[in-house]
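Chemist: Below, each chain spelled out in residue letters.
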Amino acid sequence: MSEATHIKLAPALDYRAAAPLREELLAHRGKPIVVDGADVQRLGGQCIQVLASAARTWAHDGAGFSVVNVSQDMTRALAHVGMDTYFSEASAS
Amino acid sequence: MDPMDAIKVTFFQECDEQLAELESGLMALEAGEGDRETVNAVFRAVHSVKGGAGAFGFEDLVKFSHTFETVLDLMRSDKLAISADAMHVMLRASDVLADLVHAARDGGSVDQGRCDALMEELDQLAHGDAAPAPSAAAPEGDAPLYADVEPDEWGFVPLRVVMDDEPPVGEEAWKIIFMPRAQLYAKGSDATILLRELALLGDCEIEVDDTLVPSLDTLDANGACLSWTIILHGDKDEAAIREIFEFVEGDCDLIIERTSVSAAAPEPPPVFAPAPVIAAAPIAAAPAPTPVAKQATAPSAAAASDSEGKGGQPAANATIRVDLERVDRLIDLVGELVINQAMLAQRVAETGVARSSNVALGLDELEQLTRELQDSVMAIRAQPVKSVFQRMPRLVREIATATNKQVRLVMDGEGTEVDKTVIERLSDPITHMLRNAVDHGLESTQDRIDAGKPAEGTIRLAALHRSGRIVIEVSDDGRGINRERVRAKAIEKGLISPDVNMTDEEIDNIIFLPGFSTASAISDISGRGVGMDVVKRSIQALGGRISITSNPGKGSTFTLSLPLTLAVLDGMVVSAADQTLIAPLTTIIETLQPKAGEVRRLGPNRSVIAVRDAFVPLVDVGVALGFRKEAAQPDSCVVLLVESEGGGRAALLVDDIQGQRQVVIKSLEANYQRVEGIAAATILGDGRVALILDVDGLIAQRVSETRAETQLAKAG
Numbered sequence: 001m002s003e004a005t006h007i008k009l010a011p012a013l014d015y016r017a018a019a020p021l022r023e024e025l026l027a028h029r030g031k032p033i034v035v036d037g038a039d040v041q042r043l044g045g046q047c048i049q050v051l052a053s054a055a056r057t058w059a060h061d062g063a064g065f066s067v068v069n070v071s072q073d074m075t076r077a078l079a080h081v082g083m084d085t086y087f088s089e090a091s092a093s
Numbered sequence: 094m095d096p097m098d099a100i101k102v103t104f105f106q107e108c109d110e111q112l113a114e115l116e117s118g119l120m121a122l123e124a125g126e127g128d129r130e131t132v133n134a135v136f137r138a139v140h141s142v143k144g145g146a147g148a149f150g151f152e153d154l155v156k157f158s159h160t161f162e163t164v165l166d167l168m169r170s171d172k173l174a175i176s177a178d179a180m181h182v183m184l185r186a187s188d189v190l191a192d193l194v195h196a197a198r199d200g201g202s203v204d205q206g207r208c209d210a211l212m213e214e215l216d217q218l219a220h221g222d223a224a225p226a227p228s229a230a231a232p233e234g235d236a237p238l239y240a241d242v243e244p245d246e247w248g249f250v251p252l253r254v255v256m257d258d259e260p261p262v263g264e265e266a267w268k269i270i271f272m273p274r275a276q277l278y279a280k281g282s283d284a285t286i287l288l289r290e291l292a293l294l295g296d297c298e299i300e301v302d303d304t305l306v307p308s309l310d311t312l313d314a315n316g317a318c319l320s321w322t323i324i325l326h327g328d329k330d331e332a333a334i335r336e337i338f339e340f341v342e343g344d345c346d347l348i349i350e351r352t353s354v355s356a357a358a359p360e361p362p363p364v365f366a367p368a369p370v371i372a373a374a375p376i377a378a379a380p381a382p383t384p385v386a387k388q389a390t391a392p393s394a395a396a397a398s399d400s401e402g403k404g405g406q407p408a409a410n411a412t413i414r415v416d417l418e419r420v421d422r423l424i425d426l427v428g429e430l431v432i433n434q435a436m437l438a439q440r441v442a443e444t445g446v447a448r449s450s451n452v453a454l455g456l457d458e459l460e461q462l463t464r465e466l467q468d469s470v471m472a473i474r475a476q477p478v479k480s481v482f483q484r485m486p487r488l489v490r491e492i493a494t495a496t497n498k499q500v501r502l503v504m505d506g507e508g509t510e511v512d513k514t515v516i517e518r519l520s521d522p523i524t525h526m527l528r529n530a531v532d533h534g535l536e537s538t539q540d541r542i543d544a545g546k547p548a549e550g551t552i553r554l555a556a557l558h559r560s561g562r563i564v565i566e567v568s569d570d571g572r573g574i575n576r577e578r579v580r581a582k583a584i585e586k587g588l589i590s591p592d593v594n595m596t597d598e599e600i601d602n603i604i605f606l607p608g609f610s611t612a613s614a615i616s617d618i619s620g621r622g623v624g625m626d627v628v629k630r631s632i633q634a635l636g637g638r639i640s641i642t643s644n645p646g647k648g649s650t651f652t653l654s655l656p657l658t659l660a661v662l663d664g665m666v667v668s669a670a671d672q673t674l675i676a677p678l679t680t681i682i683e684t685l686q687p688k689a690g691e692v693r694r695l696g697p698n699r700s701v702i703a704v705r706d707a708f709v710p711l712v713d714v715g716v717a718l719g720f721r722k723e724a725a726q727p728d729s730c731v732v733l734l735v736e737s738e739g740g741g742r743a744a745l746l747v748d749d750i751q752g753q754r755q756v757v758i759k760s761l762e763a764n765y766q767r768v769e770g771i772a773a774a775t776i777l778g779d780g781r782v783a784l785i786l787d788v789d790g791l792i793a794q795r796v797s798e799t800r801a802e803t804q805l806a807k808a809g
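Sequence order for the protein chains is A and B. If you're matching positions, the first sequence starts at 1 in the working numbering and goes up one per residue. If you're matching positions, the second sequence starts at 94 in the working numbering and goes up one per residue.
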């Protein structure tokens with residue numbers, strides 16, 4: 001089993017960050033990935049979509065996908081959109 | 094809204110109508126103004142409530158309505174007199190029934206003592222004044238609800254349809270469906286911010302819908318594919334909610350509606366263990382009340398394939414949900430505009446302006462535009478019949494299980510579009526017909542095998558457009574109608590005379606008579622023979638017709654034909670006794686110029702006309718509607734050969750035909766009152782009201798006398 005790629009999320013994940021985030025994740029398609037949310041201060045809806053799509057895609061590929069070190073700001077943003085357990089379930093499935 | 098919730102909402106709306114019908118019927122009976130039809134209507138109201146209640150498992154409601162209905166059935170079959178005392182009990186029973194319906198809908202409770210006392214009084218009515226009917230034994234004590242019901246001759250026992258969710262009870266809340274579009278993000282707004290603002294208003298349950306999220310390689314990072322359903326508890330001002338979305342209203346689809354939610358604490362997500370919030374440190378005391386996301390959709394593989402039918406769809410077209418009242422208002426206004434435009438055109442024409450003048454040309458363009466506008470507006474309300482069809486497979490499965498038959502439902506033409514007002518009223522007739530097809534149409538598995546047929550019966554439900562109408566067909570490959578048995582039963586019930594000769598078609602049509610049923614036992618859900626006459630009535634109320642063709646041993650096909658809309662009508666403009674009238678084009682088979690000798694008088698007032706090799710009753714429209722006393726000379730008039738819903742024909746005698754026109758239907762009942770022989774009204778270009786003929790009504794006035802007259806004419 002190959003070692004998981006570690007991706008550190010940027011502090012500001014607003015609408016401008018969505019396309020670069022998608023590109024960055026897509027570059028590692030097929031490989032297990034660990035997304036680190038320690039630095040996230042702002043998380044917008046479109047970046048959440050990118051992460052949700054990635055979680056779904058990685059699950060479909062059968063590769064590991066997990067979100068770790070979630071900052072308080074990120075946790076709060078996910079709770080606001082009803083997705084506070086979304087990525088923990090995604091990693092579990 | 095969840096489809097099941099939507100069906101339940103419809104059921105309760107229908108219950109309200111049935112309760113209103115029940116009450117007015119009982120009041121009429123109490124005042125001595127009712128007749129047999131009133132008793133039938135009252136019975137059908139209670140029966141309909143019972144049927145729906147059974148499907149949703151509202152057992153108290155089923156139990157009470159069953160007892161109530163039993164008494165009404167005795168009344169219907171003249172075994173119980175309509176006395177003042179009986180009506181008194183009935184009226185109180187209708188109150189209790191209403192209470193039970195409201196309790197089922199809103200989750201309250203009813204006065205059980207009152208309910209039990211009324212049940213006892215109803216039982217006394219049933220047993221005291223009449224020999225108990227087979228159905229009269231009401232369930233007692235804690236006996237299972239359906240224990241008193243014997244399977245009918247086809248082994249049909251009503252089955253409670255178990256819903257996944259319980260009826261909404263208790264607390265009122267706001268349900269907000271928020272579907273951002275890409276431009277919402279492009280303009281710098283963000284769903285997370287809006288949802289955070291919303292959470293500040295009060296306790297929220299937020300459910301995310303991720304069914305449209307594609308895989309990462311096809312995802313548009315700047316698109317919008319997540320949407321949310323938020324239940325906001327408490328009694329907040331709608332304006333406060335709208336204010337949050339004020340600046341993004343054009344950039345999202347937003348539905349805000351009142352809803353009733355379970356008073357009990359919402360359940361945690363059932364599938365997953367209460368996992369800790371990701372791998373994060375606990376949230377520090379937040380400055381704002383943190384909304385509690387109590388349910389999240391899991392992006393599991395199962396969700397991706399989606400068993401609920403929500404997913405698997407291509408990205409849907411952008412849609413917007415609009416209050417139907419607003420659409421109706423728009424349609425009304427456009428109707429007015431069409432009339433106004435016609436009036437304007439006529440006035441301009443009266444001034445003698447040349448057809449090639451700028452004014453006339455401008456008016457032509459206006460006419461085209463109004464017509465296009467009308468078509469477009471009507472298209473707003475057009476919906477595919479799929480919304481009705483999609484409820485049917487489950488129904489067929491349940492009935493198949495209950496009747497122990499193997500059934501395959503084949504559906505066709507689900508995308509056929511029809512006006513929403515028509516769609517809403519299609520559900521009941523289709524349900525009845527499917528139930529009938531499985532229950533009575535198909536043979537038992539063993540009988541099928543014995544007859545050399547596949548063990549699995551096939552039922553086909555199809556929708557198609559034909560001649561400007563929508564046609565719904567329900568066909569089965571079952572045994573077909575047993576005409577001998579139907580005829581025998583009809584004679585036994587006194588519906589037809591034993592010595593009358595009937596064609597196969599006429600015998601088949603007996604099943605549409607009120608009170609006809611070949612079922613010898615009675616069940617909680619169906620079996621009293623209210624099915625097909627209810628179907629026929631509801632179809633006729635929509636301006637539709639129903640027919641049946643049956644092939645013994647091979648199956649039956651019920652065909653419904655309905656107008657595509659109830660707002661406009663293609664009509665033939667005719668005149669009779671200086672009145673302008675509209676005959677619905679769909680009822681007209683042909684127009685004739687009667688010749689002397691073709692018309693034969695029967696007595697002082699009636700005539701028949703020879704149309705090829707048959708005699709058809711001739712109805713002078715001017716006389717029938719009271720516009721003139723003396724019948725016109727047929728050879729100076731025009732005859733419209735029309736056909737009723739039941740297939741009966743008549744010749745309508747009018748003075749002249751002015752042309753064909755699409756007219757906007759205006760309800761006569763709503764604006765004046767019901768008039769025999771008139772279906773509705775419209776406003777013509779010259780501003781006058783023209784009445785739209787109720788062809789069925791006109792034929793019905795004559796049809797009972799017709800058979801004897803035609804035979805006389807043939808003999809003479």
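Hints were generated in silico from the structure; no laboratory data involved. Even for Gly, the Cβ is constructed at its ideal location relative to N, Cα and C. Keep in mind that a hint or two might mislead.
[To be verified] Computed far set for chain B versus chain A, every beta-carbon distance over 10 Å:
#, residue
1, E126
2, R289
3, L319
4, S353
5, T444
6, A544
7, G752
8, A793
[Stated by the list, open to error] Each pair of labels, with its calculated beta carbon distance range:
#, chain 1, residue 1, chain 2, residue 2, range
9, A, A12, B, Q483, 16 to 22 Å
10, B, I473, A, A12, 38 to 44 Å
11, B, G343, A, A4, 54 to 60 Å
12, A, A12, B, L462, 47 to 53 Å
13, A, P20, B, L462, 57 to 63 Å
14, A, G64, B, D313, 52 to 58 Å
Chemist: Please test the hint of 54 to 60 Å on the beta carbon pair from G343 (chain B) and A4 (chain A).
Modeler: violated (43 Å)
Chemist: Holds or violated: is the Cβ of A793 (chain B) farther than 10 Å from all Cβ atoms of chain A?
Modeler: holds (59 Å)
Chemist: Does the beta carbon distance between A12 (chain A) and L462 (chain B) stay inside 47 to 53 Å, or does it fall outside?
Modeler: At 51 Å between Cβs, range holds.
Chemist: Falls inside 16 to 22 Å, the C-beta gap from A12 (chain A) to Q483 (chain B)?
Modeler: violated (44 Å)
Chemist: State, for the Cβ atoms of P20 (chain A) and L462 (chain B), whether the hinted interval 57 to 63 Å holds or is violated.
Modeler: For L462 (chain B) against P20 (chain A), whose Cβ atoms are near 49 Å apart, the range 57 to 63 Å is violated.
Chemist: Just want to verify: T444 (chain B) was marked as not at the interface with chain A; is every Cβ pair farther apart than 10 Å?
Modeler: holds (61 Å)
Chemist: Does L319 (chain B) sit more than 10 Å from chain A, CB to CB?
Modeler: The assertion about L319 (chain B) is violated, with a minimum of 5 Å to chain A.
Chemist: Beyond 10 Å on every Cβ pair: is that true for A544 (chain B) relative to chain A?
Modeler: Holds, since 49 Å exceeds 10 Å.
Chemist: Could you check that no beta carbon of chain A comes within 10 Å of the beta carbon of G752 (chain B)?
Modeler: For G752 (chain B), whose nearest Cβ neighbour in chain A is about 58 Å away, the distance exceeds 10 Å, so it holds.
Chemist: Could you let me know if the closest chain A CB is still more than 10 Å away from the CB of R289 (chain B)?
Modeler: Check fails; 5 Å does not lie beyond 10 Å.
Chemist: For the range 38 to 44 Å, tell me whether the beta carbons of I473 (chain B) and A12 (chain A) fit it or not.
Modeler: holds (43 Å)
Chemist: Verify that the Cβ of E126 (chain B) lies farther than 10 Å from every Cβ atom of chain A, and report whether the claim holds or is violated.
Modeler: holds (57 Å)
Comparing the model with each numbered hint stated earlier shows that hints 2, 3, 9, 11, 13, 14 do not hold.
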